[in-house]
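S.K.: Residue numbers (my numbering), protein chains in the order written: chain B, 1 to 311; chain Z, 312 to 578.
Quick caveat, the hints were computed from the structure, so don't treat them as lab data. We treat Cβ as the ideally placed atom computed from N, Cα and C, and that holds for glycine. One thing to keep in mind: the hints can contain errors.
What the hints assert, rightly or not - BS3-like cross-link-like pairs, simulated, lysine-lysine; straight-line CA separation at most 27 Å:
id	chain 1	residue 1	chain 2	residue 2
1	B	Lys180	B	Lys251
2	Z	Lys399	B	Lys291
3	Z	Lys412	B	Lys251
4	Z	Lys492	B	Lys41
5	B	Lys230	B	Lys251
6	B	Lys284	Z	Lys564
7	B	Lys165	Z	Lys399
8	B	Lys284	Z	Lys412
9	B	Lys165	Z	Lys560
10	Z	Lys560	B	Lys284
Said to hold, decoys possible - Derived DEER-like restraints, expressed as beta-carbon distance ranges:
id	chain 1	residue 1	chain 2	residue 2	range
11	Z	Asn364	B	Tyr94	46 to 52 Å
12	Z	Met312	B	Gln204	56 to 62 Å
13	B	Phe279	Z	Ser359	27 to 33 Å
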Amino acid sequence: MMIATREAFSQAIVELGRKNEKIVVFNADLAHATKTYEFQKNFPDRHFNVGIAEMNMTGMAAGMAACGYIPFVSTFAAFGTGRNYDMIRNAVCYPNLNVKFALTHAGLTVGEDGATHQMLEDIALMNALPNMKIIAPADAVEAKQAIYAAAEINSPVYIRLGRAKTPVIYNDSYEFKFGKADVLVDGEDVTLAACGIMVAKALQAREVLKEKGINAAVLNFSTIKPIDKKAVLDFAKKTQAFVTIEEHSLKGGLGSIIASVTAENYPCAVKMVGASDTFGESGKPEELLEKYGLGINDIVSKALEAVNMKK
Amino acid sequence: MDLEKTARNIRINIIKQIYAAGSGHPGGALSAADILTLLYFEVMNIPSFTDENRDRFVMSKGHASALLYATLAQRGAIDLSLLPTFRKLGSPLQGHPDMNKVTGVDMTAGSLGLGVSAAAGMALAAKLGSHNYRVYTLLGDGELQEGSVWETFMAASHYKLDNFTVIIDNNNLQIDGEVDKVMSVYPLREKLVAFGFDAVEADGHDFSSLRKAFAVASNLNGKPCAIIAKTIKGKGVSFMENNADWHGKAPDKEQAALAVKELGGEL
Ligand SMILES: Cc1ncc(C[n+]2csc(CCOP(=O)(O)OP(=O)(O)O)c2C)c(N)n1
Ligand SMILES: [Mg+2]
Numbered sequence: 001m002m003i004a005t006r007e008a009f010s011q012a013i014v015e016l017g018r019k020n021e022k023i024v025v026f027n028a029d030l031a032h033a034t035k036t037y038e039f040q041k042n043f044p045d046r047h048f049n050v051g052i053a054e055m056n057m058t059g060m061a062a063g064m065a066a067c068g069y070i071p072f073v074s075t076f077a078a079f080g081t082g083r084n085y086d087m088i089r090n091a092v093c094y095p096n097l098n099v100k101f102a103l104t105h106a107g108l109t110v111g112e113d114g115a116t117h118q119m120l121e122d123i124a125l126m127n128a129l130p131n132m133k134i135i136a137p138a139d140a141v142e143a144k145q146a147i148y149a150a151a152e153i154n155s156p157v158y159i160r161l162g163r164a165k166t167p168v169i170y171n172d173s174y175e176f177k178f179g180k181a182d183v184l185v186d187g188e189d190v191t192l193a194a195c196g197i198m199v200a201k202a203l204q205a206r207e208v209l210k211e212k213g214i215n216a217a218v219l220n221f222s223t224i225k226p227i228d229k230k231a232v233l234d235f236a237k238k239t240q241a242f243v244t245i246e247e248h249s250l251k252g253g254l255g256s257i258i259a260s261v262t263a264e265n266y267p268c269a270v271k272m273v274g275a276s277d278t279f280g281e282s283g284k285p286e287e288l289l290e291k292y293g294l295g296i297n298d299i300v301s302k303a304l305e306a307v308n309m310k311k
Numbered sequence: 312m313d314l315e316k317t318a319r320n321i322r323i324n325i326i327k328q329i330y331a332a333g334s335g336h337p338g339g340a341l342s343a344a345d346i347l348t349l350l351y352f353e354v355m356n357i358p359s360f361t362d363e364n365r366d367r368f369v370m371s372k373g374h375a376s377a378l379l380y381a382t383l384a385q386r387g388a389i390d391l392s393l394l395p396t397f398r399k400l401g402s403p404l405q406g407h408p409d410m411n412k413v414t415g416v417d418m419t420a421g422s423l424g425l426g427v428s429a430a431a432g433m434a435l436a437a438k439l440g441s442h443n444y445r446v447y448t449l450l451g452d453g454e455l456q457e458g459s460v461w462e463t464f465m466a467a468s469h470y471k472l473d474n475f476t477v478i479i480d481n482n483n484l485q486i487d488g489e490v491d492k493v494m495s496v497y498p499l500r501e502k503l504v505a506f507g508f509d510a511v512e513a514d515g516h517d518f519s520s521l522r523k524a525f526a527v528a529s530n531l532n533g534k535p536c537a538i539i540a541k542t543i544k545g546k547g548v549s550f551m552e553n554n555a556d557w558h559g560k561a562p563d564k565e566q567a568a569l570a571v572k573e574l575g576g577e578l
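So here's chain B without its partners, still in its complex pose (with noise of 0.2 Å):
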């Protein structure tokens, strides 16, 4: 089954809405995009559609939130981590305000709207702040509960959502735990850590890997900060080589927080699949994964160069 995640949140932030009327949400006219309009439609005085204007979205939401609300905001994620930085910094974040940036259509498979709307630098803008939380889930599961999870958590809380169709890797039994990495597959050989819509093709590899002999575990990340030091460092020393696999620039995501831990606590061979400081271009989803080096192929290609590190 194949759903985006920006779905599951449209879906997630109507059943919140429902149960909180603290919660309220911010739009840069892309109700459609970022699927608010389902929030506008069931609860019209709560849904706030700002204009062209994510500056002020930010800036707005973070005195609703000074007032006891709830905002979640909703834009693309280039524009809503981008355009709005100092608002995040200043506005919400440094207060320790609590406002959720419910972002959509990040990193490559935003496809042909190219470079100025495919963003692969969130998560290192993100991360540098403090008292940010980041979610990147890995599928409409675990999107739905993310934004369940980030109601819960008084600071704000910066959710990365794709805009293309991507696989469904759980089943409702799941259970999200903020601030915890999932195990999806043990291994010894090698840990593939992924996070968003990569985990789904670490999956993938396992099975290549699995046939060339080689015993991955895969983990999904999905809490990017904090970041699960243990289940970091239990892997390294049970497998002592990392993929780091993400759908974001090599500077400053995942594999640059995950090589921070180990390189300080546990040194161990850390090889990354991401985009190599580079803006995207337009192009189809895959083909674009493909050509940036974030097929499956490439973290085959990784893990062996990873395992290879360990001798």
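Assemble chain Z with the ligands onto chain B, guided by the hints.
M.R.: Frame of chain B, contents of chain Z with the ligands only:
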């Protein structure tokens, strides 16, 4: 020069590109086709697209890329055979214009509100270097909601950029509906005058009306000029006209054929 025919060809090539790509933004491309036709075939002075003294154009509403490419193709800057590669992997014709991939694209754009600032910077550079080229930029009316656009307007009049012309594609539609219902930007003329602009209204589909407005813009009176061009989003294709649904959606084969036929061409 038959401007009507040129504008029609440009509209046909907008539809063809977006149909071939399977994605894109027809509404806002069609709404400004007459404006770009007049600019590129009458108003702007472009001896060559690499001439340092050429007039510049910045497509601040970068999603209207198909319009810019169709116009540049009509002017000979882009090979017509490239148009079907629009938005495809490896094509210079990116979803939003990239100045490093196409000679003739004066500024990269796509994040709304940025192009107009860069255009003002180009006008400032002309003043600093005592060049007499002019700079034109096209904004969407929804795009005016970005606060930084008004920072640009403030600066343009502060620096007396009378070589700077802002054209507003006033189709009164953005993605989520009518501009005045989503987040009103009106009254426009009064606001622009208050910001120090010569502000004129024009019929964005009537060359003689636009011509008069560009004549006002050419005054070197120490003031930047804004042309509020009243337009119809989706202009020229009956089922796209005045319909926000066609902001960012490609026609299927049947729709594309019908659209091109209405414009007097063949798919
Ligand atoms: C900073 C930024 N925010 C949001 C978007 C997404 N977006 C693309 S086009 C558009 C609506 C533009 O409306 P308008 O300016 O009126 O353009 P037109 O009607 O001429 O197509 C939006 C919100 C964007 N490209 N950039
Ligand atoms: Mg408009």
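S.K.: Hint numbers the structure violates, sorted upward?
M.R.: The structure conflicts with no hint, since it agrees with every one listed earlier.
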